[in-house]
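Colleague: Spelled out, the chains give:
2 protein chains.
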Amino acid sequence: MNHLGSELGSVCIIGNGLIGGSLLRDLAARGVRVFGSTHSEAAAARAVAEGFEVSSSLIDVLSRAESELALIVVAVPFDAVASVLDAIAEHSPSCGVTDVVSVKAPVLELVAQRGMRERYVGGHPMAGTAESGWAATQTGLFQGAAWVVAYDYARECAGAGPSAGQGAGGRVPDSWVRVFGQVCRMVALVGAEAVPVTARKHDETVARISHLPHVIAEALAVTGDRGGPMAQSLAAGSFAGATRVAGTRPALVGNMCETNATPLVEVLDEYIALLNDARATLAGNPPSMQALAEAGHTAHERMSARSGARRESVSPVAVSSRPVMRVHPGAPGWVAQLEQIEALGGRVEVF
Amino acid sequence: MNHLGSELGSVCIIGNGLIGGSLLRDLAARGVRVFGSTHSEAAAARAVAEGFEVSSSLIDVLSRAESELALIVVAVPFDAVASVLDAIAEHSPSCGVTDVVSVKAPVLELVAQRGMRERYVGGHPMAGTAESGWAATQTGLFQGAAWVVAYDYARECAGAGPSAGQGAGGRVPDSWVRVFGQVCRMVALVGAEAVPVTARKHDETVARISHLPHVIAEALAVTGDRGGPMAQSLAAGSFAGATRVAGTRPALVGNMCETNATPLVEVLDEYIALLNDARATLAGNPPSMQALAEAGHTAHERMSARSGARRESVSPVAVSSRPVMRVHPGAPGWVAQLEQIEALGGRVEVF
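Just so you know, the sequences run in chain order R and Z. 1 is the number of the first residue of the first sequence in the working numbering; add one for each residue after it. 1001 is the number of the first residue of the second sequence in the working numbering; add one for each residue after it.
Rather than coming from a laboratory, the hints here were simulated on the basis of the structure. No residue lacks a Cβ here, since even glycine has one placed at the ideal position from N, Cα and C. Accuracy of the hints is not assured; some may be wrong.
Just some of the chain R residues that point at chain Z, by a computed CB distance under 8 Å [as the list claims (entries may be wrong)]:
1. Arg-64
2. Ala-89
3. Glu-90
4. Met-126
5. Ala-146
6. Val-148
7. Gly-247
8. Gly-254
9. Ala-261
10. Met-289
11. Leu-344
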């Protein structure tokens, strides 16, 4: 048994926003050697004043990452990812790379274009607030959250399908296996749960449970507001809850949805079809909404069963509701194990 | 100056669910002589065991209401309202009547069919939880909530329009003026804020800010659930918040939406049009969602400005964000005052 990936080592975080900055705080608090860069000198100065190793020179930081063989976490908005990957290709040719961008297939494409797939493992922590920027960063942001780990490259190397990776683990390059292990260890260190998913499945899923909710909250805010002062006066908790994410910066919402436009348009079509059906039965004689109300209630019970289990725990140690599988990266059959975990929406612990 | 309506007197609550039961608790706690009825003997026994005067005999309760000239609060589901009004017509011919049903025009129609408009003032507290029934009742449920008070009859008597009620207050029957005062006093006693609205405006507004959110939450729950175990695993706080009201009993949601179907279909059409627009720009090249994201954010800021002011108060006495006007029911010009308050989404205090 080899021990590739058994060490996390240094971590280099590019970007100091809500996710990158909160990750920096958590890793530093756990004693990890962590440093990073931000595009703004003022932002770097604020982080340095709090005792963090943050610089506004991307090249300096990437050079240091190379010398320490650090794991590089790309935590910039999607439209800045290509140029950061270019800089990594030039200044950190030996480092493993992951990211925290909210779409995975488009990032994977940029990585492939630069021939970096053997050392890239996509990531996406399902955590955040309506706020953004260093000022919004906090410790513990990722506690109990799913942290998607995209393993497309391993599937392709091992051969996709039900028997994928059976005795063929050796075909996944060691460099990728090592990065996979590093990412999973980093995720565990900040209290999150590594959920293996392919990029396409991830993008379709977040279109359903993250991007679609943003679109419909924006549209609901507009529709409510058209009701004028009386709507403002009568709107109660249910309206506020349903439109909370419309408080997110519009540019952030726009970029997120636009980057995942293809899967989002598909689920938006599904969603609009459901509303059209409800509209038709409500306009009927007699009006009816029983079908949607019952389907929605059943779906809600199923969707909240897992988070419900997490919420109701009275144990001081949070109990995860995601099934867990312990995996040794690179061991025979390990990619097939990841596929089994994905089918369950489960989490992986590496050893 | 007369003092019609300066006394609340006894209150008789028909129906012992979340709203009726919580109102019973609050009024009893404030020393009001309050009694009521529920359709089930078991439910009545539970309330009696807690020290409340609740009976399962509607006729007994309505006869007592008549003898005490109590204000009758109809707190039953809409489909039971007609038969309760019939019983009131027979057993409580002298009592003022209000209700807490979530639509106002259909109730007003039932009242008009029975010739009871002169003693009926429609009501709707904008408060509730996803739970229902006596077990879910609580004290303080209405604190700071808007409590709609429908004043259509006064407008019609005084003559609608900008000069309504100028010097014509006498034309609104004394019986109605007295009930209006009683309802406003009861609302103030439980910490809620009386917001005067016409039935039609109320029904259109709640379609926007209450019933539409229910429809879209049900449809979102269904769409998310179609993502299977991975969607269950990755769904985070934003999904849970956006679908919370899908946890409400389906029959309750169905009845509420169906009773207000006409205004709801209209706002649903508005809403679907917004989604279709977003779908079109997201399917464009390049995809865009900036227009909706910006409109939604602006609308959200406006909608949350008032509730924000309430939430952020550090004063031990909650500060209302609704403009207030003090009105003496029946005084010259008082109906015109109510129209001014309605235009602001404000609240009325009676003296």
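Colleague: Hints first: check each against the structure and report whether it holds.
Modeller: Against the structure, the hints come out as follows:
Residue-level restraint check for Arg-64 (chain R) is violated (minimum Cβ-Cβ distance to chain Z is 33 Å; threshold 8 Å). Checking Ala-89 (chain R) against chain Z: minimum C-beta separation of about 25 Å lies over 8 Å; hint violated. Given hint, Glu-90 (chain R) at the interface with chain Z, is violated; its Cβ is 28 Å from that chain's nearest Cβ, farther than 8 Å. For Met-126 (chain R), the interface hint holds, the least distance from its beta-carbon to any beta-carbon of chain Z being 5 Å, beneath 8 Å.
Among the interface hints, the one on Ala-146 (chain R) holds; its C-beta lies about 5 Å from the nearest C-beta in chain Z, closer than the 8 Å criterion. Hint status for Val-148 (chain R) relative to chain Z: holds, with the closest Cβ pair at about 7 Å, below 8 Å. The interface hint given for Gly-247 (chain R) holds, since its Cβ lies 5 Å from the closest Cβ of chain Z, which is under the 8 Å cut-off. Residue-level restraint check for Gly-254 (chain R) holds (minimum Cβ-Cβ distance to chain Z is 4 Å; threshold 8 Å).
Because the smallest distance between the Cβ of Ala-261 (chain R) and any Cβ of chain Z comes to about 3 Å, under 8 Å, the interface hint for this residue holds. The criterion of a C-beta within 8 Å of any C-beta in chain Z is met by Met-289 (chain R), whose closest approach is roughly 5 Å, and the hint holds. The criterion of a C-beta within 8 Å of any C-beta in chain Z is met by Leu-344 (chain R), whose closest approach is roughly 6 Å, and the hint holds.
Hint compliance for this structure: hints 1, 2, 3 are broken, all remaining hints hold.
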